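Student: Using the sequences plus the hints, can you model the full thing?
For the sequence shown, this note's numbering begins at 1 and goes up steadily by one.
Since the hints were derived computationally from the structure, they do not count as laboratory data.
Zero decoy hints are in this set.
What follows is a set of in silico ranges between Cβ atoms, one per label pair, in the way DEER data are often shown:
id: 1; residue 1: Asn244; residue 2: Tyr13; range: 44 to 54 angstroms
id: 2; residue 1: Arg325; residue 2: Gln240; range: 19 to 29 angstroms
id: 3; residue 1: Leu423; residue 2: Ala403; range: 14 to 24 angstroms
Cross-link-like lysine-lysine pairs, in silico, DSSO-like; alpha carbons within 30 angstroms at most:
id: 4; residue 1: Lys226; residue 2: Lys332
id: 5; residue 1: Lys381; residue 2: Lys332
id: 6; residue 1: Lys226; residue 2: Lys331
id: 7; residue 1: Lys343; residue 2: Lys331
id: 8; residue 1: Lys9; residue 2: Lys427
From a predicted model like this one, the values you see are computed outputs, not experimental measurements.
Glycine residues also receive a C-beta, built at the ideal position from the N, C-alpha and C atoms.
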Amino acid sequence: MTIDSSEEKLARYLFSLRRFGIRLGLENITRLLQVLQNPQCSFKAIHVAGTNGKGSTGAMMASIFQKAGYKTGLYVSPHLFSFRERIRVNGEWIFLSAVQTYLKKIRTTIDTYHCTFFEVMTAIAFAYFADQGVEYAIVETGLGGRLDATNVLNPVASVITEIDLDHTETLGGNVRDIAREKAGIIKPNTPVITSAHNHEAIDVFNEICRERESTLYPVVQECRYKDRIISPEKMEFTVQTPLNLYSSISLRLLGVHQIWNAVTAIRTAELLEGGDSKINGESIKKGLAETYWPGRFEIYSGNPTIILDVAHNPNGMTQLVKTFRLVFHQKKFVLMMGVLADKDFESMIDNVVPQAKEVIAVQPNNPRALTSSKLAEEIQKRNVPVQAAGTVKMGFAVFRKRARDDDILVITGSSYSVSDALLELVKM
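Tutor: This is the structure in structure tokens:
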């Protein structure tokens, strides 16, 4: 993966907008979209919120709709390689020239109102989808839902994935408060599909759906899966929904949580099926089979084996360990971990470190990152061998010095840690 100088220059400008922080509210995005002639009205949107699983679920839905023959947009965050990967049409990243064109149109508004990076990227995504003739766009929230910049949409369906404690300083310190913020994307008379397991969260969604005369479809209660077979390459399973039986589904994304993400994508597609819809069982199964989403228990086979996972909160770590045990059973791994200082890294450590035989603490390339020495200090309290390595690149050097062919290296803790690791892996 190489990025040319013009893209680097544009990235520096866009990332400089992060100095305005994260601003919850719809005023700026409304201004930007007015300049761009309200492109969000030009396509059917599926709006996705949740703590974990948004990206994977969104990628599955995008693949299903694309295989059904629809021109499909996908807007996600954060990115691993380039800001361009956040905005895709039929799997292809937005053209650099398009980003430049839209920025010229909205530059005055950005400067006048100090628009944030996410507000600007959201406006560009919607304009690009409109200009590209996108029929369905899967749009992921950035933070929360109620006051997220994406919440100017009037979607044909709202999807809420798993709910857990994350961003508690902004969204609230308990599941009910966080669920209420995420449920801000629920619009009147619109189907709401959720993969949430937490009963408190589901109660909140039911309450808001009643208020807005929308119907809630909780897939954990409505659907079942069986006949699960898992290997390092893929999973196979059968899903029963209230409408259909889908046998021998194949999925390259591994883990029980990914099955529920797949069920959510299936249920959403089913509920939008009908009339002149091109979605059917074949497009659903083919879309799932061809879904690729990097950094989600992504296995690089070799000697040693390397696994990349963007888990960045306690529940994400729990799912990582569960998936590892499903695939590799009782084996332990070498853990390379790098986290952001504003996350609940103590609980993350508690959930993942018991599966590790040793830990390499690193600091991802992000201003919010916890130093590797502070992370190592915290891990040391759990009586696991740990070494502070500095950067991810230095972490690889530490690992290579003592790695054995049968070792498994798991790199996790943040999408930024995984991004740094991917950049190193492409050099190897």
